[in-house]
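Counting from 3, one number per residue, gives the positions in the sequence shown under this note's numbering.
Don't take each hint at face value.
[Stated by the list, open to error] Per label pair, the in silico range of CB-to-CB distance:
{"id": "1", "residue 1": "G52", "residue 2": "M3", "range": "44 to 50 Å"}
{"id": "2", "residue 1": "K12", "residue 2": "S62", "range": "19 to 25 Å"}
{"id": "3", "residue 1": "W48", "residue 2": "I27", "range": "21 to 27 Å"}
{"id": "4", "residue 1": "Y66", "residue 2": "N8", "range": "35 to 41 Å"}
{"id": "5", "residue 1": "K12", "residue 2": "S60", "range": "21 to 27 Å"}
{"id": "6", "residue 1": "Y39", "residue 2": "S60", "range": "22 to 28 Å"}
Calculated directly from the structure, the hints in this document are not laboratory data.
Cβ coordinates follow ideal geometry from the N, Cα and C atoms, glycine included.
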Amino acid sequence: MSLIQNERIKLTATLLNNVAAAMFITGGVGPIVALSYGVPGPTGGWSALGITAIWILSGSAIAYMARLLLKRLKP
Numbered sequence: 003m004s005l006i007q008n009e010r011i012k013l014t015a016t017l018l019n020n021v022a023a024a025m026f027i028t029g030g031v032g033p034i035v036a037l038s039y040g041v042p043g044p045t046g047g048w049s050a051l052g053i054t055a056i057w058i059l060s061g062s063a064i065a066y067m068a069r070l071l072l073k074r075l076k077p
């Protein structure tokens, strides 16, 4: 039974890690690319920086949750 449980934990951690990567790319890389192509984004200045920081911190928190989940693996 622990083999099945381990696989479920690994799949869930992979899902969380993929969501975290998507959030990092959406909030961190996306605005930089949009800015380089001249696409209008959030009203410049601190609000754009704050939104980017929120996306990156949220992605980091979800990636950390995935790491914590992997600690539940059984030998």
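Where does the structure disagree with the numbered hints, that is, which hint numbers, in rising order? Hint 4 is the one this structure does not satisfy, whereas the remaining hints hold.
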